[in-house]
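Once you know that position 37 of the sequence shown is 37 in our numbering, the rest is easy, because the numbers rise by one and skip nothing.
Hint data in this document are derived by calculation from the structure and do not stem from the laboratory. Any given hint might turn out to be false.
The calculated DSBU-like cross-link candidates involving lysine-lysine, where the alpha carbons are at most 35 Å apart (straight line), are [claimed, not checked]:
1. Lys218 with Lys175
2. Lys106 with Lys77
3. Lys106 with Lys28
4. Lys86 with Lys218
5. Lys106 with Lys48
6. Lys86 with Lys28
7. Lys47 with Lys28
8. Lys86 with Lys175
9. Lys106 with Lys218
10. Lys232 with Lys86
Now the in silico label distances, taken between C-beta atoms and shown as ranges [as the list claims (entries may be wrong)]:
11. Asp24 with Lys106: 21 to 29 Å
12. Val228 with Ile164: 29 to 37 Å
13. Ala99 with Val228: 26 to 34 Å
14. Val39 with Glu204: 19 to 27 Å
15. Ile164 with Thr242: 17 to 25 Å
C-beta atoms are modelled at their ideal positions from N, C-alpha and C, and glycine is treated no differently.
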Amino acid sequence: MLHGGEDLTQLSYLNEPSILHDLDYRYKQDLVYTRAGPVLIAVNPFKKLSSAYAPEVAQAFRSGHCQDPHVFLVADKAFRAMQGDKVNQSMVISGESGAGKTETTKIAMQYLATLAGGGGMEHQVLQTNPILEAFGNAKTLRNNNSSRFGKLIDIHFDNSGRIIGAHIETYLLEKSRVVHQAQGERNYHVFYQMCAGASREEREQLALETADKFQYLKRGDCTSIQGVDDAKDFVQMKQAMTAIGISPEDQHQVFRTLAAVLWLGNISFTE
């Protein structure tokens, strides 16, 4: 197999040039997933491939009719093994910045929700994504939605295979980004979302200005992302907070803290 093989272990010549050629050949056909034995390789397409994740595609994997390399297949096998063997399963999603880890994680979680949904808890689990991205993701030179932290997501199922809860542990947050960003990069999304999407009442209560008025938000000379609506994302993030049970009062306290951080950044000291 010299062109477009879906499993790299089946290549005629297993070396770096042949592997790169195979991945490039498939990538140009929008086939972003390739097997390497039990490992799934995903090449970030940097564009929407909605047809690859359509409901009918998910149904094909659920029914077992499709065995093509896909994150759906990995998630499906893990779920079936958990049900069949009654043993915990793990999916490790790794890669360098911009590889697509955040999106792959969301896609896997969405597929598991279709397999194990029905109790309503799956909606709450999925609603954690906008919150984690708002508080832990930022624009970098290589990626407009780069995760600046690691996370371990435990999804819990009952004996019938339904999602009954989840536990998310985060670590290694890039705290220095709050006070300094490289040229062309942004602080964490939530600050820009709040400045753009807060209501008039919220703006008055928090004394909010536009993002370009805060030192902590303009040090990278980049306060917006092309194609991203920070105001809309703020509304979605607040809806997600409500969906997982964070009260309006607690949300307000969170935003007060964020606003305080921004105003602290505007303090200057003189001798």
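Verification of the hints:
no. : hint                           : result
1   : Lys218 with Lys175             : 17 Å, holds
2   : Lys106 with Lys77              : 17 Å, holds
3   : Lys106 with Lys28              : 24 Å, holds
4   : Lys86 with Lys218              : 51 Å, violated
5   : Lys106 with Lys48              : 14 Å, holds
6   : Lys86 with Lys28               : 40 Å, violated
7   : Lys47 with Lys28               : 12 Å, holds
8   : Lys86 with Lys175              : 39 Å, violated
9   : Lys106 with Lys218             : 29 Å, holds
10  : Lys232 with Lys86              : 42 Å, violated
11  : Asp24 with Lys106: 21 to 29 Å  : 26 Å, holds
12  : Val228 with Ile164: 29 to 37 Å : 34 Å, holds
13  : Ala99 with Val228: 26 to 34 Å  : 20 Å, violated
14  : Val39 with Glu204: 19 to 27 Å  : 53 Å, violated
15  : Ile164 with Thr242: 17 to 25 Å : 21 Å, holds
Hint compliance for this structure: hints 4, 6, 8, 10, 13 and 14 are not met, and every other hint is.
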